[in-house]
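There are 2 protein chains.
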Amino acid sequence: MNLRLVGPTPLPPTVRDALARPMLNHRGPEFAAMQTRIVNSLQHYFQTAHDILLFTCSGTGGLEAALVNLLSPGDAVVAVSIGVFGDRFADIAEAFGAQTHRLRFPWGSAADPDALRAKLAEIKNARAVLITHNETSTATTNPLQELARVAHENSDALLLVDAISSMGAIHLPVDEWGVDVAVTGSQKVWMIPPGLAMVSVSPRAWDAYAHARMPRYYWDFKKMRDAIAKGQTSFTPGVNLYFALDAALDLMNAEGFENIRARHARLAQHTRDGAQTRGFELFADPQFASNTVTALRVPPGVNGKKWRQVLNQTFDTVIAGGQKELTDKIVRIGHLGWVNEAELDACLDAMTAALPYAQAN
Amino acid sequence: MNLRLVGPTPLPPTVRDALARPMLNHRGPEFAAMQTRIVNSLQHYFQTAHDILLFTCSGTGGLEAALVNLLSPGDAVVAVSIGVFGDRFADIAEAFGAQTHRLRFPWGSAADPDALRAKLAEIKNARAVLITHNETSTATTNPLQELARVAHENSDALLLVDAISSMGAIHLPVDEWGVDVAVTGSQKVWMIPPGLAMVSVSPRAWDAYAHARMPRYYWDFKKMRDAIAKGQTSFTPGVNLYFALDAALDLMNAEGFENIRARHARLAQHTRDGAQTRGFELFADPQFASNTVTALRVPPGVNGKKWRQVLNQTFDTVIAGGQKELTDKIVRIGHLGWVNEAELDACLDAMTAALPYAQAN
Numbered sequence: 002m003n004l005r006l007v008g009p010t011p012l013p014p015t016v017r018d019a020l021a022r023p024m025l026n027h028r029g030p031e032f033a034a035m036q037t038r039i040v041n042s043l044q045h046y047f048q049t050a051h052d053i054l055l056f057t058c059s060g061t062g063g064l065e066a067a068l069v070n071l072l073s074p075g076d077a078v079v080a081v082s083i084g085v086f087g088d089r090f091a092d093i094a095e096a097f098g099a100q101t102h103r104l105r106f107p108w109g110s111a112a113d114p115d116a117l118r119a120k121l122a123e124i125k126n127a128r129a130v131l132i133t134h135n136e137t138s139t140a141t142t143n144p145l146q147e148l149a150r151v152a153h154e155n156s157d158a159l160l161l162v163d164a165i166s167s168m169g170a171i172h173l174p175v176d177e178w179g180v181d182v183a184v185t186g187s188q189k190v191w192m193i194p195p196g197l198a199m200v201s202v203s204p205r206a207w208d209a210y211a212h213a214r215m216p217r218y219y220w221d222f223k224k225m226r227d228a229i230a231k232g233q234t235s236f237t238p239g240v241n242l243y244f245a246l247d248a249a250l251d252l253m254n255a256e257g258f259e260n261i262r263a264r265h266a267r268l269a270q271h272t273r274d275g276a277q278t279r280g281f282e283l284f285a286d287p288q289f290a291s292n293t294v295t296a297l298r299v300p301p302g303v304n305g306k307k308w309r310q311v312l313n314q315t316f317d318t319v320i321a322g323g324q325k326e327l328t329d330k331i332v333r334i335g336h337l338g339w340v341n342e343a344e345l346d347a348c349l350d351a352m353t354a355a356l357p358y359a360q361a362n
Numbered sequence: 002m003n004l005r006l007v008g009p010t011p012l013p014p015t016v017r018d019a020l021a022r023p024m025l026n027h028r029g030p031e032f033a034a035m036q037t038r039i040v041n042s043l044q045h046y047f048q049t050a051h052d053i054l055l056f057t058c059s060g061t062g063g064l065e066a067a068l069v070n071l072l073s074p075g076d077a078v079v080a081v082s083i084g085v086f087g088d089r090f091a092d093i094a095e096a097f098g099a100q101t102h103r104l105r106f107p108w109g110s111a112a113d114p115d116a117l118r119a120k121l122a123e124i125k126n127a128r129a130v131l132i133t134h135n136e137t138s139t140a141t142t143n144p145l146q147e148l149a150r151v152a153h154e155n156s157d158a159l160l161l162v163d164a165i166s167s168m169g170a171i172h173l174p175v176d177e178w179g180v181d182v183a184v185t186g187s188q189k190v191w192m193i194p195p196g197l198a199m200v201s202v203s204p205r206a207w208d209a210y211a212h213a214r215m216p217r218y219y220w221d222f223k224k225m226r227d228a229i230a231k232g233q234t235s236f237t238p239g240v241n242l243y244f245a246l247d248a249a250l251d252l253m254n255a256e257g258f259e260n261i262r263a264r265h266a267r268l269a270q271h272t273r274d275g276a277q278t279r280g281f282e283l284f285a286d287p288q289f290a291s292n293t294v295t296a297l298r299v300p301p302g303v304n305g306k307k308w309r310q311v312l313n314q315t316f317d318t319v320i321a322g323g324q325k326e327l328t329d330k331i332v333r334i335g336h337l338g339w340v341n342e343a344e345l346d347a348c349l350d351a352m353t354a355a356l357p358y359a360q361a362n
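Keeping their order, the protein sequence lines are chains A and B.
Take the first sequence: its position 357, counted from the start at 1, is 358 in this note's numbering, and no numbers get skipped.
Take the second sequence: its position 112, counted from the start at 1, is 113 in this note's numbering, and no numbers get skipped.
These are computed hints drawn from the structure, not numbers from a lab.
Just so you know, not all the hints are guaranteed correct.
Identical chains share a label here; the pair holds if one copy fits it or two copies do between them.
Claimed, not checked - Computed list of lysine-lysine pairs in DSS-like fashion (alpha-carbon distance at most 27 angstroms, straight line):
1. Lys306 - Lys325
2. Lys224 - Lys306
3. Lys325 - Lys307
4. Lys224 - Lys325
So here's chain A without its partners, still in its complex pose (with noise of 0.2 angstroms):
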């Protein structure tokens, strides 16, 4: 099957044998050196000397978080959403009792540094800025550098960022952007299935955590920390996630940081070509056009849900839909992990090929 969805991604095969391997004692020396191996490669690729901690949950998990370890109830938050995902980031908050004060901009498009500038002017307590780095319903990558600066220029709110489906693909260097909390998730640029997610943790989150008051057991951050320091978790692991997560960080060290993000460029830069070649329309603004996704317009005359259908049955390939007020209107072709050009290429035919099969009535 050619799998091409925004994650999970395909699986390589050394991740697959290492998903396979025999149970372990997830207290004991084996479990607790592969854990430092697979925090120490973290580090270098959120490019971050501090804390990295680990959760055994979806990326959605890692995000809500994100959320209770820092904040309290009725604190501000400004929450920048460009799509799904910063709407979501935004529900969970409000869910958790934050003043959520929404900064929301068309989907396709990028989030507006000086349209943050001024929410930030109005809302001048604001506890937290939350952002999507890259916004996986849309194929848009914010301007995080940017959006960083304005944030810490105009306030003193912590820096929470949804990097799911960017971090390790798309430059993210936490330290010096001032990321207070970043999140990602297995099934994406890491290249094994769902069900960890990895957050960074900035000295000021550390210093948040220790007055928040929003309620919180599973995802303490300092349960988690204190387990991390003995070289064990806080509650029991997923401990064949572990193993292939090794194994991934194994293939991503040997081919080295700069290379997987121009691959990832090369091959986002690829797709949007090959799709428009072939008379696709691209659907987000091409400045903020995605390095792991790319959005492109159903064509006129043609059934979204059909294309889709065609494509599986007939054509052994899998890309995504569109999501709410999108769907049926794009489709997406994840480019992230585990994918080389030919799988781009013979994506994007079969979706050329599926086109006459998928006629709207």
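Place chain B on chain A using the hints.
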């Protein structure tokens, strides 16, 4: 390695093969069909006609989910505890603002139904009773049928049960005993790696859900039920653990539920007999000894930590130590999931053989 923890357990070959399966579309029909098979089988083992929800997390996440979906801050809760995991259930309730009344019993004993009756007479407005079915830390199984009857006869409280290390192996008919939420974890009787919590939800629990105000997002029961109804999950699921669970349930269905329960009872008796024959002393009250784990006192003159180290390094055998106040006072042998008599004999023999190398100074 003779891995005799109380979970994670060793993995059967077909489970390991399943873990290594290629990734699929988690929003596609193949995943939907698999989830339906899994839920149907789990209903059988939970002995419930009602909802089963699966969350990507460890067992503790399932306990948190049970509480935050059914309760509001300030609700009175009676938390029955006979060990570390009973205390943990109470701690989570407290962390989320429940008025938590603890009913604790000495470790190694089961809970006394008369004491629960007295507690419910005292705490008249209890919204929930929390009970650990099988207390992993002390190898003791509570008389859940009697405790459930007392709870229902003396209150309108919801009955939330930690069945993490019992479900599937120890009789627990969820509907018949009026258990509103039962929680189990994938790395226990189910013979797959950690990372999934499986939760049953009664109609009465859904009524409570409608009024419960504890904050929640990732754990939201309704989001998950609605998603499962569409063949999906509320957030990206740990797909490879579903592959593994599907394969493990095939094994369980072939063995048969009655046979699985009888096997666990037989292996538990075999372990207790074998331990006593070799001169070890059982820790738990024999009347309530667990069928999934056995705790033995560390013999006088033996250093418990050294004992487990020698077992691990020289005899390639891993057993669990005691937790909290039982650290170095007991050891625990898991006999749940994928295990047979020969492995337990080898474990007990190794424990005997290791003794001379583990004397306290």
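### Query
For Lys306 vs Lys325, is the C-alpha pair at or below 27 angstroms within one copy, between two copies, both, or neither?
Result: close within a single copy only, 14 angstroms intra versus 55 angstroms inter.
### Query
With identical chains treated as interchangeable, where does the CA-CA distance between Lys325 and Lys307 reach 27 angstroms or less: within a copy, between copies, both, or neither?
Within one copy only: 17 angstroms inside a chain, 58 angstroms across chains, cut-off 27 angstroms.
### Query
For the identical chains here, do Lys224 and Lys325 meet the 27 angstroms Cα criterion within one copy, between copies, both, or neither?
between (36 angstroms within a copy, 15 angstroms between copies)
### Query
Between copies, within a copy, both or neither: which fits Lys224 and Lys306 at Cα up to 27 angstroms?
between (45 angstroms within a copy, 23 angstroms between copies)
When held up to the earlier numbered hints, the structure conflicts with none and fits them all.
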